[in-house]
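Trainee: Residues per chain are reported as follows:
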Amino acid sequence: MTEPAIDVRGLVKRYGDKTVVDDVTITVEKGEIAGFLGPNGSGKTTTIRIMCGLLKPDAGTGRVLGMDLARDALKIKREVGYMTQRFSFYEDLSIAENLDFVAGLYRIAPRRKVVDRTLEELGLASRRNQLAGRLSGGWKQRLALAACTMHQPRLLLLDEPTAGVDPKARREFWDEIHRLAGQGITVLVSTHYMDEAERCHRINYISYGKLIAKGTVAEVVAGAGLTTFLVNGDHGGQMLRVAQDLRAAPGVDQVAPFGTTLHVVGRDGAALEASVRKIAEGAGVRWAPAETSLEDTFIQLMGASRDNMA
Amino acid sequence: MNAVFSLTRLRAMLAKEFIQMRRDRVTFAMMLGVPLMLLVLFGFAINTNPKHLPAALVTAHQGPYERAIVAALEATGYYHFTHVGISATEGDALLARGDVSFVVTIPADFDRRVDRGDHPTLLIEADATDPSASSGAVSTLGTVAQEALQHEEGTEAQAAAQKASQVEVVTHLRYNPEGVTQYNIVPGLLGVILQMTMVMMTSMALTRETERGTMENLLAMPASPLEIMLGKVLPFFAVGAVQLTVILVAAKVLFQVPFVGSLWLLLSGVLIFVMALVLLGYTISTLSRTQMQAMQLTFFFFLPSILLSGFMFPFQGMPLWAQDLGEALPLTHFLRLVRAVMLKGAGFTDVRPTLAALIAFVVIFAVLALTRFRRTLD
Ligand SMILES: Nc1ncnc2c1ncn2[C@@H]1O[C@H](COP(=O)(O)OP(=O)(O)O)[C@@H](O)[C@H]1O
Ligand SMILES: [Mg+2]
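Those protein sequences? They're chains A and B, same order as listed.
The opening position of the first sequence corresponds to residue -11 in our numbering, with each subsequent residue numbered one higher.
The opening position of the second sequence corresponds to residue 2 in our numbering, with each subsequent residue numbered one higher.
It should be emphasised that the hints constitute simulated quantities derived from the structure, not laboratory data.
Virtual Cβ for every residue (Gly too), placed ideally from N, Cα, C.
If you want the footprint, here are the derived chain A segments under chain B, 3+ residues with CB under 8 Å:
(1) 33 to 47
(2) 69 to 83
(3) 88 to 99
Chain A with its partners taken away, still in its complex shape:
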């Protein structure tokens, strides 16, 4: 078996007395698209920065592309493409000048030709002399992705690449990520959009600095051991009362309204079913068992990890 593209163990990062990354172990196999999920402020950016050598961990070891994080930081940099969460190319340089700069730093040859081809593929050839700062959010994202893949890295670290981008651009972005993975590039992509998790081969879920779930989407959902029922009525007002009753009932952990349908989730399947049956039939609304969604799972996991913190 070949060595994983990312193999970091026990990473810890503290700022002051706050532990921002707490004993995080992540493995990403070669050629895989790994999702790195978690709410804002959970430590995704910090973990990714450690992986590309921009931050020194307070504890933990790691190998990236078979190279040691502590010793081979410079070599790792040459093989990794890192797309920062905030656009961090030069806004006072034109699109072409930015690409030219990146190509120079990676010693790409022939520089001119590669830059021209990249512009062509991006569809920005006609706007090459436009300042990067004038681009819209979606175009900035595409430029950044093109810039950090120009040197043909073996590993891509993408930090919330689709934040604030419209749905169409998001879809195109994911198509591009899958195309790159098809070429054998390993991708680790952080996001806090649940639906994007479904587009990853495997996911890692981090909350309050702790990694609390990993595996395929199905594994993560199954691993949480949750039972879900849908309770469905016709009137919003009535469902509001039903939701209130359910929240107070034994065995019920989450009640989330979707229109006039309630997602009712709990760890204790039998107790949950008893409560749902009693309240739904009392109110005269429909109820049925359902698949637990990834979102239900994460909300459950987050609640649990917060309880651990306290």
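Model the placement of chain B with the ligands on the given structure of chain A, informed by the hints.
Mentor: This is chain B with the ligands only, laid out in the frame that chain A set:
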């Protein structure tokens, strides 16, 4: 080696820095505006040996001696009598208000005492609130009055006898016999302007990247600290060359400062000095988190440089501890070099110690900058 330095990467850094410099209007304006402003301010407006200072003459009557003294004093160029023949109280009031810088009082019995061969007294009151403003004028007084009187008294024999009995004080103002302030100030300004603009602009080099969030990207790419440093500081040699040209032309055309030494020696000195300055600025940049901090650190170096380098006050006249501090500043050494080369025509062997000192600064700042450079965002 490949990891530490590559010409391709340095070229990429340089190209980027030049483009950014060109597009940054404020920096561009500062590069040319600051030297011109300082030249005009220090070169034209500030004069530590001022002439034509207003003076008043308090005297009871106006005989030939009084006229002779007034004429002689005006001939020095320092005095310009705006009030003549006023009373002592009027003189006091003028001096207090600052309307005049000097009040010359010739007592009523002055004529008689000169004729009798007594020691006549002449009272000069100077507004010494700014000692440097009046020192030049005061220093000429003794001899001027003597000579004026000798002239009036006539016979050459008498004059010769009197001269012999006097202690002759010879003041030799070498290199700048007329005491033209600009001769000293303008070459000094070259150092001050370079110090101010070079350090200030390079001190922003990294903090600007940090504040704009581009540092994260730069550090994630394989540029080495050496390449980043050179990419950030080398473009300022071009700026320095422009400033040097402006100042040297101004020195020649506007202030007629003589240039007796070797231009090549001066250029070598400037090159090393600028290298020390940009590395100092870059070191500040590695130490600061924000542009504000960088600015404060720049001024922290700038003020002592102006005060203790010999630019404002004569170096030898400072207390020893201040001289020791001054020795630790690149500007001190550069001023010695530029004045020696421009005004005294000093050769390489004369300025070797100052060149060596400047090179030491280059090495110190380069090592400091490279060791202080943070490769991570911590
Ligand atoms: N330089 C820093 N100093 C102090 N706290 C920091 C620093 N960087 C990040 N943090 C804190 O660490 C936590 C995790 O941040 P981050 O890794 O950016 O999370 P995410 O990317 O998941 O949103 C946040 O609470 C943030 O405030
Ligand atoms: Mg983040």
